[in-house]
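Chemist: These are the residues of each chain, in order.
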Amino acid sequence: MTLMSYRQALHDTLRSEMLRDENVMLMGEEIGVFEGSYKITAGLLAEFGEKRVRDTPIAEEGFTGAAIGAAMLGLRPVVELMTINFSLIAIDQIVNHAAKIYGMFGGQAKVPMVIRTPGGGGQQLGATHSQNIELYYAFVPGLKVVAPSTPADAKALMLAAIRDDDPVLFLENLALYNTKGEVPDHDEPAVIGKAKVTREGSHLTLIGYSRMAYVAKKVADQLADSDHLDIEVVDLCSLRPLDRETIINSVKKTNCAVVVEDDWLTYGIGAEVAATISDGAFDYLDAPVRRVAMAEVPMPYAKSLETAALPSEHDIIQAIYQTLDATGHRRSKTGPHD
Amino acid sequence: MTTQKRTARTTPAATKRAASTATKAPAAAKSTKAPARVAAKAPATKAPAKAVAKPVTKPAAKAPVKATKPTKAVAKKTTKSSATTDAQLLDFYREMLFIRRFEERAARAYTQALIGGYCHLNLGEEAAVVGLMSALRPTDYLFTNYREHGYAIARNIDPNAIMAELYGRADGVSKGWGGSMHMFDMDHRLLGGYGIVGGQLPLATGAALAIDYRGDDDVVMCTMGEGTTNIGAFHESLNIAELWKLPVVFVVINNFLGMGTKVEKSSAEPEIYRRGAAYRMPAARVDGADPIAVAAAAQIAVDSARSGQPYLLEVTCHRLRGHSVVDPAKYRTPEEVEELKLHDPVHNLAAELVAKGLADVATLEALDESILARIDEIAAFAEASPHPDVETLFDYTYATPVPNDSRRLPGQPLFDENGVAQ
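Here the protein sequences come in this chain order: A and B. The letter at position 210 of the first sequence is residue 210 when you use the working numbering, and the numbering goes up by one with no holes. The letter at position 175 of the second sequence is residue 175 when you use the working numbering, and the numbering goes up by one with no holes.
Since the hints were made in silico from the structure, they are not lab data. Note that beta-carbon positions come from the ideal geometry of N, C-alpha and C, so glycine has one too. One or more hints might be untrue.
Computed far set for chain A versus chain B, every beta-carbon distance over 12 Å [unchecked claim]:
id : residue
1  : THR64
2  : TYR267
3  : GLU306
4  : ALA309
5  : ALA326
According to the in silico footprint, chain A covers these stretches of chain B (three or more CB under 8 Å from chain A) [stated by the list, open to error]:
id : segment
6  : 89–95
7  : 174–183
8  : 186–194
9  : 210–219
10 : 386–400
The shape of chain A in the complex, shown without the other chains (with noise of 0.2 Å):
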């Protein structure tokens, strides 16, 4: 195991893919001379060239598809798009193209290709650079999507996202970039579709992904020493295919749960879920599932707006409380919620 950030975990993981298979190229705005808006692909023009660290012009649409291309014809294109909002402007070839072609055409062509992008909003980007729209492409089926919250998951997942035959969105994060953790030193690939439960707990279900399995993994461990809160984080890892079976397994077990996403409620991944929750662990319910999620309006820039806007822990550990009290469980009447 070795202490690393976020970032550093995935550089290595390219770099190691890179050494290890010569169809696994990168693509994408910047990412060469520049070295990456956010220093991912550091270095890695200098190791590997032009040919293999290749920067694109602007134009998301044009060099998404290429890669999808180059994949249909074998290569392994690893795409960086700088952030989540700019994929719009790709979401054509990724949603009717890259999720489309293997299935389209009777299981002829497969699309190895990885697309990795960044969301998160808190950085004061606005409206238009603040988005996690990630739920865009968990819609779709023929897409994959993974949401690493650790250095670790980082490495296991995109191990994994590299070495799949489907094209596989990898949501990373701004705001975990400078995350650290342990990664293991092994090259051992994430199962893609699998949740974890990363703190066990018999209280409540607290269910996350990206930065707000990070989020929830935290205010569990403060409930625990605050109110010796009992609560289980499951991270979903996965937004396509989502595990539904590990959701309901932990609610099964603590009868009521909360959602946490960055994203808008409405129709949003916690909504989904919710719905889950309600089909596959209706008579185990205590308490109607709450989410806590970003307020509907475009991202402002203010940062006393954009503060207000996103999910807090202090949210977070209100819905936990309110949560518990509908349910009836006893709190420790010495918490801070009192």
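With chain A fixed as given, assemble chain B onto it according to the hints.
Modeler: Chain B in isolation, oriented as in the chain A frame:
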């Protein structure tokens, strides 16, 4: 993947190609049939690839001018022995007539509800189809739009499988998953008909990137309609192809109508080949009613691409029917409908064959009879082919199996009676 390396290269293909094209001015194509429509651009002063990023003192991409002297395409045609050309004409005619009868049968089957969805036909485009396809090696790749039945035929894909695909049957070229717009055959390197206008351009560019990456010497041809040249993917793809010197030919079938919209109403530059100048890409326009001219122009384009210089080829055609089978094309004036009769490439070539004494009417009629009989067999094959088994519904969502992939049918609950997600 069936991709194979054929030509081992010791130096990066792009470098080699750039070097080989630096001194080569791609020649223009010209049709002897419609000289007024033919123009070409040959950027003879084209800078070598490595100098592209630097300011050039003399614009390499001049405004294209109409060809004023015999071009390579014409020279090639006239230097061929007339016997070769005559034989080629007869071959082209057979193929064109086959496509014509196939498409007419598809239209009939569509009105009989044997074919569903949309059904766009190559009627009027037959000469362009056979001319273009004649320039490709069997190992070259083709990406098309949704008007691709004829291209699939000309790539020598089994017409039984093409018709079966139209019928949505298990023996279809895409196993019944694609339909009229989405034919695919890796063995014959038809890498897809695509239903989204412009969707195939970035893909074709990427296929060319893969070829270049490996140092192979295949070429990608990518066809589209003239309406496609107004979409962003066209601009982005031509720009990338030229920047990276990819082995791709972009072919614009300009039938002057995007559904019902005239090219002058949709394209600020209605002479589409001129758009190549914006990317410093050699380009030419050829009369798509003349299969020999198309073949010659396509050969120039493909040779250029193979040497590392992408190419834009505009082929003018006349769409003889509506946009799709269900379109009565009421936007055409009676005069336009009357004029269309003059542009039927199959009829015109038949008349030429007879006039030149290459075939008599009786021979052509016998050919037609035999093709019609074959088309009957094809339709019978398609109708007899089984519908895809519903058991295969979930077979093609993912190439790499993945846990928790849903196999739920619409009426089934999310969790079965055992509490297992489906």
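Chemist: Run the structure past the numbered hints and jot down the numbers of the failing ones, going up.
Modeler: Violated hints (numbers, rising): 1 and 6; every other hint is consistent with the structure.
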